[in-house]
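J.: Listed below, chain by chain, are the residues.
Protein chains: 2
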Amino acid sequence: MPDSTQPVRNDAGIAHLLPLLAQRFGDRFSAGADIRRQHGHTTTWIENQPPDAVIFPTSTGDVADIVRLAAEHRVPIIPFGTGTSLEGHVNAPHGGISIDLSRMDNVLAIHAEDLDCVVQPGVTRKALNAHLRDTGLFFPIDPGADASLGGMAATRASGTNAVRYGTMRDRVMALEAVLADGRIIRTGTRARKSAAGYDLTRLLVGSEGTLGIITELTLRLDGIPEKMAAARAAFPNLKAACDTVIATLQYGLPIARIELMDPAALAAVNAYSGLTLPEQPSLLVEFHGSETSVAEQSQTFVEIARDNGSTAFEATTRAEDRNRLWQARHDAYWAMVASRPGWESHSTDVCVPISRLADIVTATTERAAAQGIHAPILGHAGDGNFHALLLLPPEDPETRARAKDMVTWMAETAVKMGGTATGEHGIGQGKQDGLVNEAGAGLEVMQAIKQTLDPLNILNPGKIFAPR
Amino acid sequence: MPDSTQPVRNDAGIAHLLPLLAQRFGDRFSAGADIRRQHGHTTTWIENQPPDAVIFPTSTGDVADIVRLAAEHRVPIIPFGTGTSLEGHVNAPHGGISIDLSRMDNVLAIHAEDLDCVVQPGVTRKALNAHLRDTGLFFPIDPGADASLGGMAATRASGTNAVRYGTMRDRVMALEAVLADGRIIRTGTRARKSAAGYDLTRLLVGSEGTLGIITELTLRLDGIPEKMAAARAAFPNLKAACDTVIATLQYGLPIARIELMDPAALAAVNAYSGLTLPEQPSLLVEFHGSETSVAEQSQTFVEIARDNGSTAFEATTRAEDRNRLWQARHDAYWAMVASRPGWESHSTDVCVPISRLADIVTATTERAAAQGIHAPILGHAGDGNFHALLLLPPEDPETRARAKDMVTWMAETAVKMGGTATGEHGIGQGKQDGLVNEAGAGLEVMQAIKQTLDPLNILNPGKIFAPR
Numbered sequence: 001m002p003d004s005t006q007p008v009r010n011d012a013g014i015a016h017l018l019p020l021l022a023q024r025f026g027d028r029f030s031a032g033a034d035i036r037r038q039h040g041h042t043t044t045w046i047e048n049q050p051p052d053a054v055i056f057p058t059s060t061g062d063v064a065d066i067v068r069l070a071a072e073h074r075v076p077i078i079p080f081g082t083g084t085s086l087e088g089h090v091n092a093p094h095g096g097i098s099i100d101l102s103r104m105d106n107v108l109a110i111h112a113e114d115l116d117c118v119v120q121p122g123v124t125r126k127a128l129n130a131h132l133r134d135t136g137l138f139f140p141i142d143p144g145a146d147a148s149l150g151g152m153a154a155t156r157a158s159g160t161n162a163v164r165y166g167t168m169r170d171r172v173m174a175l176e177a178v179l180a181d182g183r184i185i186r187t188g189t190r191a192r193k194s195a196a197g198y199d200l201t202r203l204l205v206g207s208e209g210t211l212g213i214i215t216e217l218t219l220r221l222d223g224i225p226e227k228m229a230a231a232r233a234a235f236p237n238l239k240a241a242c243d244t245v246i247a248t249l250q251y252g253l254p255i256a257r258i259e260l261m262d263p264a265a266l267a268a269v270n271a272y273s274g275l276t277l278p279e280q281p282s283l284l285v286e287f288h289g290s291e292t293s294v295a296e297q298s299q300t301f302v303e304i305a306r307d308n309g310s311t312a313f314e315a316t317t318r319a320e321d322r323n324r325l326w327q328a329r330h331d332a333y334w335a336m337v338a339s340r341p342g343w344e345s346h347s348t349d350v351c352v353p354i355s356r357l358a359d360i361v362t363a364t365t366e367r368a369a370a371q372g373i374h375a376p377i378l379g380h381a382g383d384g385n386f387h388a389l390l391l392l393p394p395e396d397p398e399t400r401a402r403a404k405d406m407v408t409w410m411a412e413t414a415v416k417m418g419g420t421a422t423g424e425h426g427i428g429q430g431k432q433d434g435l436v437n438e439a440g441a442g443l444e445v446m447q448a449i450k451q452t453l454d455p456l457n458i459l460n461p462g463k464i465f466a467p468r
Numbered sequence: 469m470p471d472s473t474q475p476v477r478n479d480a481g482i483a484h485l486l487p488l489l490a491q492r493f494g495d496r497f498s499a500g501a502d503i504r505r506q507h508g509h510t511t512t513w514i515e516n517q518p519p520d521a522v523i524f525p526t527s528t529g530d531v532a533d534i535v536r537l538a539a540e541h542r543v544p545i546i547p548f549g550t551g552t553s554l555e556g557h558v559n560a561p562h563g564g565i566s567i568d569l570s571r572m573d574n575v576l577a578i579h580a581e582d583l584d585c586v587v588q589p590g591v592t593r594k595a596l597n598a599h600l601r602d603t604g605l606f607f608p609i610d611p612g613a614d615a616s617l618g619g620m621a622a623t624r625a626s627g628t629n630a631v632r633y634g635t636m637r638d639r640v641m642a643l644e645a646v647l648a649d650g651r652i653i654r655t656g657t658r659a660r661k662s663a664a665g666y667d668l669t670r671l672l673v674g675s676e677g678t679l680g681i682i683t684e685l686t687l688r689l690d691g692i693p694e695k696m697a698a699a700r701a702a703f704p705n706l707k708a709a710c711d712t713v714i715a716t717l718q719y720g721l722p723i724a725r726i727e728l729m730d731p732a733a734l735a736a737v738n739a740y741s742g743l744t745l746p747e748q749p750s751l752l753v754e755f756h757g758s759e760t761s762v763a764e765q766s767q768t769f770v771e772i773a774r775d776n777g778s779t780a781f782e783a784t785t786r787a788e789d790r791n792r793l794w795q796a797r798h799d800a801y802w803a804m805v806a807s808r809p810g811w812e813s814h815s816t817d818v819c820v821p822i823s824r825l826a827d828i829v830t831a832t833t834e835r836a837a838a839q840g841i842h843a844p845i846l847g848h849a850g851d852g853n854f855h856a857l858l859l860l861p862p863e864d865p866e867t868r869a870r871a872k873d874m875v876t877w878m879a880e881t882a883v884k885m886g887g888t889a890t891g892e893h894g895i896g897q898g899k900q901d902g903l904v905n906e907a908g909a910g911l912e913v914m915q916a917i918k919q920t921l922d923p924l925n926i927l928n929p930g931k932i933f934a935p936r
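Quick note, the sequences are listed as chains A and B, same order. Using my numbering, read the first sequence as starting at 1 and increasing by one per residue. Using my numbering, read the second sequence as starting at 469 and increasing by one per residue.
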């Protein structure tokens, strides 16, 4: 695994650059220890690597100015949204300037007739949905955290309803970005499709700040469904739950969410919230559509679940019952963390063809148990994507080393099954060996593109690729 | 407009290379005039520019061998699927070797549980659907022609049901491609989503053979819907028809197709097929789902259409009536060509935000009439995408020049409205000025990527970018 923790700092460049930036940005520049630490924050075991300073731009022109100055002094730039990414994306392993985009938080346009909107990168998904409240429209991507839309695009985020509404790959129609030399480009258009040239929008989405800094996004919206319904079904074993997912998709049921919880996750939720949910592999499902349609979808799902051996299920179209049904899923993360007080937690994700989901989840659970790791599992089952929350005894370097090996093993196993090292968390610093294994000769193509568009390697260096 | 018709041939390289290829490929190599002419075929007014030879590889290894030899001799390579592209994509403006992939036509795997399949690039969409017949699955992208899947990926094709099922951008999960130096890469995986590194799959989709030659594709399939229904509605004016499209999408109705036909297109169909359809702006719609669902969708659509002033509509769930309803759309191309016997025809497309569809269609119709061009219009209205079939008197260079200006004007107008120079036909040779106008500074990024991945400019030179 590449050691991104070994800094190669351009101390002289940084020393020259900081006073220039301080002068240019005044109180929107900070080199204070607290704010630096906060911007090098990672939510995992990856060591915090604070930047040398943080700047809060308020315009694309500000961002371009910072990049040009940084390029001149060969100092790294690390874009920062809300800091909720999970693989060390906002760390500064080579030092440099964190660009905190949270003050670029204007919704610039809503085109209700076209079901799209234009936003600055610091707008969070919840802020956008609050802004949309009176339009009858909503932005469906929900990765859990109230992340910034720029950060979600940069990491190709998705979440619970990607099975119906896609990922950021599908939702970003157009971008404005500042390149490594300060040039500003626009990619894509507000047309719903295009065959005009290379798909630079999709190249920037998921590039984790290594090819450009996203300064504006045009996003595709959806009409708020007339009605929502929900169902929960418990299964005798994991295979029966996964077979239900497969049959549901083959049937063409337009499910909005289909989430898997394993017995360990449900046990945590029961303990946390005083519930008595069956501690068996379970699916939580949500349906969006007309009243007739969601009732029919729910009915069909229950039949499919029953055919696959589910004996305990509950379905509802009433909003309060729906919220109660989904409460288990919403509480799951904190319930799982609370299930081992004081332990370290590390969330990792992989994604496989759905036919292999039961296999890899079973193998993961067994391996974790054998390694002394508690690993409850939550899955976006409709995508073949799941999260294992690895819970480890505190200050136990040996178990931690085994957990790191396990992350590597999960990524390799997913790739062997025809899947990917990460479905939605990204590569960052934590999954670089997984990408090397997965991409093969394609990695050279990625590196060639990086070299071409960022020859000085100043855009988020040490992410995606091993440091050079 | 860049003049792609001025060849810059490497005659010496070609003279050295042809005997080597003839020896290597035997009767799978041809330099015959007929076969060369057929492979330089374009369906438009763009001049035919035949290659110097055609090779029919049967494996990825064959393709890599051809590319390595061609690179060594600096001779262009032009990938060829079925030759149904519309912007000169298969022409050989600098001479070179056409690689006809039609013999790489094996369906390599069908993963019914995962709703995906793996195919060679020469498999056509109809052949794939015939192969899938007994699986309950289908591949939904329908650009009209029975194009090869490799060609459809290379040109980012879509068609009538993109509004529901997306375009090739959304349907290609993974690729194998031969790069300009003969290296073979694999991009993407069979997982339904990934956050692992740069999206090379989406970079190759729509690159028109200029970055690599696609030698294998993994495609996402859908379950065949239980039931289909159809409706046709005529409107007093174009705006009413387009407002119906907008309201239908805002409502979240999961329409499978929503096609616009203008009075000129309907008049052509009436004359061609002896029908008496109202010669007013009309929508043809198809619904996919359960019996209950399609009946409800159809009912809702009729209500929306009525609210927008439609007085003539017809809806059906019976297969034979559905086919009769859609016959008008299926016959439209030939009916329009037949409406002006002996005239030249040129199909062009642009795509705009849906709120601007009525504006640009009206402006196009008016401008065409003023220029002496007959231009019936068919639209994939749910995407804001439409085709004008420009019909011109034969051997009339002045009208042809005005028609070319009109194509440029349509592309520029679409971009001014927030749209794109082409929704699905691609850039090829015919829309290069449109791309320059649309992409702005992004064009330099595209060119930098092209330069990096194909430094000798041997992969389909003279396409997308002006010749260099």
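Worth flagging that the hints you see were computed from the coordinates, not collected in a lab. Fair warning: this is a prediction, and the values are worked out from it, not measured in the lab. Don't take each hint at face value.
To be verified - For lysine to aspartate or glutamate, the following DMTMM-like pairs were computed, each having C-alpha atoms within a straight-line distance of at most 25 angstroms: (1) 695/B to 226/A; (2) 239/A to 684/B; (3) 707/B to 142/A; (4) 126/A to 331/A; (5) 884/B to 216/A; (6) 707/B to 684/B; (7) 707/B to 222/A; (8) 416/A to 581/B; (9) 227/A to 684/B; (10) 707/B to 515/B; (11) 884/B to 226/A; (12) 239/A to 771/B; (13) 416/A to 684/B; (14) 872/B to 638/B; (15) 227/A to 279/A; (16) 227/A to 610/B; (17) 126/A to 320/A; (18) 707/B to 602/B; (19) 227/A to 142/A; (20) 227/A to 771/B; (21) 126/A to 47/A; (22) 695/B to 11/A; (23) 594/B to 581/B; (24) 239/A to 359/A; (25) 695/B to 331/A; (26) 227/A to 873/B; (27) 884/B to 291/A; (28) 695/B to 684/B; (29) 416/A to 638/B; (30) 695/B to 610/B; (31) 695/B to 359/A; (32) 594/B to 684/B; (33) 227/A to 359/A.
As the list claims (entries may be wrong) - A few chain B residues that face chain A, going by a derived Cβ cut-off under 10 angstroms, partial list only: (34) 624; (35) 661; (36) 821; (37) 865.
Glycine included, C-beta positions come from ideal geometry on N, C-alpha and C.
J.: For every hint, state whether the structure bears it out.
T.: Comparing the hints with the structure gives:
In summary, the hint linking residue 695/B to residue 226/A is supported, as the alpha carbons are separated by about 22 angstroms, within the 25 angstroms threshold. A threshold of 25 angstroms between alpha carbons decides the hint, and for residue 239/A with residue 684/B the separation of about 31 angstroms lies outside it, so the pair is violated. The straight-line distance between the Cα atoms of residue 707/B and residue 142/A is roughly 35 angstroms, outside the 25 angstroms bound, and the hint therefore fails. Only pairs whose Cα atoms come within 25 angstroms are accepted, and residue 126/A paired with residue 331/A is accepted, the gap being roughly 18 angstroms.
Between residue 884/B and residue 216/A the CA atoms are separated by roughly 19 angstroms; this keeps the pair inside 25 angstroms, and the hint holds. At roughly 43 angstroms between alpha-carbon atoms, residue 707/B and residue 684/B are farther apart than 25 angstroms, so this suggested pair is violated. Distance hint between residue 707/B and residue 222/A is fulfilled; the C-alpha atoms sit about 22 angstroms from each other, no more than 25 angstroms. Annotation: proposed proximity of residue 416/A to residue 581/B holds, straight-line Cα distance about 17 angstroms (limit 25 angstroms).
For the hint pairing residue 227/A with residue 684/B, the CA-to-CA distance comes to about 42 angstroms; that exceeds 25 angstroms, so the pair is violated. The straight-line distance between the Cα atoms of residue 707/B and residue 515/B is roughly 37 angstroms, outside the 25 angstroms bound, and the hint therefore fails. Simply put, residue 884/B and residue 226/A have alpha-carbon atoms about 34 angstroms apart, too far for the 25 angstroms limit, and the pair is violated. Taking the CA atoms of residue 239/A and residue 771/B, the gap is near 44 angstroms; set against the 25 angstroms cutoff, the hint is violated.
Our distance criterion of 25 angstroms between C-alpha atoms is met by residue 416/A and residue 684/B, whose separation comes to about 19 angstroms. For the hint linking residue 872/B to residue 638/B, the alpha-carbon distance of about 32 angstroms lies beyond 25 angstroms, and the restraint is violated. Straight-line distance between C-alpha atoms of residue 227/A and residue 279/A comes to about 29 angstroms, which puts the hinted pair past the 25 angstroms bound. Of the supplied pair hints, the one linking residue 227/A and residue 610/B is violated, its CA atoms being roughly 31 angstroms apart against a limit of 25 angstroms.
Straight-line distance between C-alpha atoms of residue 126/A and residue 320/A comes to about 21 angstroms, which keeps the hinted pair within the 25 angstroms bound. Restraint check for residue 707/B and residue 602/B: not satisfied, since their Cα atoms lie roughly 43 angstroms apart, outside the 25 angstroms limit. Of the supplied pair hints, the one linking residue 227/A and residue 142/A holds, its CA atoms being roughly 19 angstroms apart against a limit of 25 angstroms. For the given pair, residue 227/A sits about 19 angstroms from residue 771/B by alpha-carbon distance, which is consistent with the 25 angstroms threshold.
Our distance criterion of 25 angstroms between C-alpha atoms is broken by residue 126/A and residue 47/A, whose separation comes to about 29 angstroms. About 67 angstroms separates the Cα atoms of residue 695/B and residue 11/A, which puts this hinted pair outside 25 angstroms; it is violated. Restraint check: the Cα-Cα separation between residue 594/B and residue 581/B comes to about 21 angstroms, which is no more than 25 angstroms; the hinted pair holds. Among the hinted pairs, residue 239/A with residue 359/A is consistent with the structure: their alpha-carbon atoms are about 8 angstroms apart, no more than 25 angstroms.
A distance of roughly 39 angstroms separates the Cα atoms of residue 695/B and residue 331/A; the hinted pair therefore is violated under the 25 angstroms criterion. At roughly 49 angstroms between alpha-carbon atoms, residue 227/A and residue 873/B are farther apart than 25 angstroms, so this suggested pair is violated. Restraint check: the Cα-Cα separation between residue 884/B and residue 291/A comes to about 40 angstroms, which exceeds 25 angstroms; the hinted pair is violated. Between residue 695/B and residue 684/B the CA atoms are separated by roughly 32 angstroms; this puts the pair beyond 25 angstroms, and the hint is violated.
In summary, the hint linking residue 416/A to residue 638/B is supported, as the alpha carbons are separated by about 23 angstroms, within the 25 angstroms threshold. About 19 angstroms separates the Cα atoms of residue 695/B and residue 610/B, which keeps this hinted pair within 25 angstroms; it holds. Between residue 695/B and residue 359/A the alpha-carbon distance is near 34 angstroms, which puts this suggested pair outside the 25 angstroms criterion. This hinted pair checks out: residue 594/B and residue 684/B have alpha carbons roughly 17 angstroms apart, not beyond 25 angstroms.
Distance restraint check for residue 227/A and residue 359/A: the Cα-Cα separation of roughly 35 angstroms exceeds the 25 angstroms cut-off, and the hinted pair is therefore not satisfied. Of the supplied interface hints, the one on residue 624/B holds, with its beta-carbon coming within about 5 angstroms of a beta-carbon of chain A, less than 10 angstroms. Look at residue 661/B: its Cβ gets to within about 5 angstroms of chain A, closer than 10 angstroms, so that hint holds up. The restraint placing residue 821/B at the interface with chain A holds, with a minimum CB-CB distance near 4 angstroms, inside the 10 angstroms limit.
A least Cβ separation of about 28 angstroms between residue 865/B and chain A goes past the 10 angstroms threshold, and the interface hint is therefore violated.
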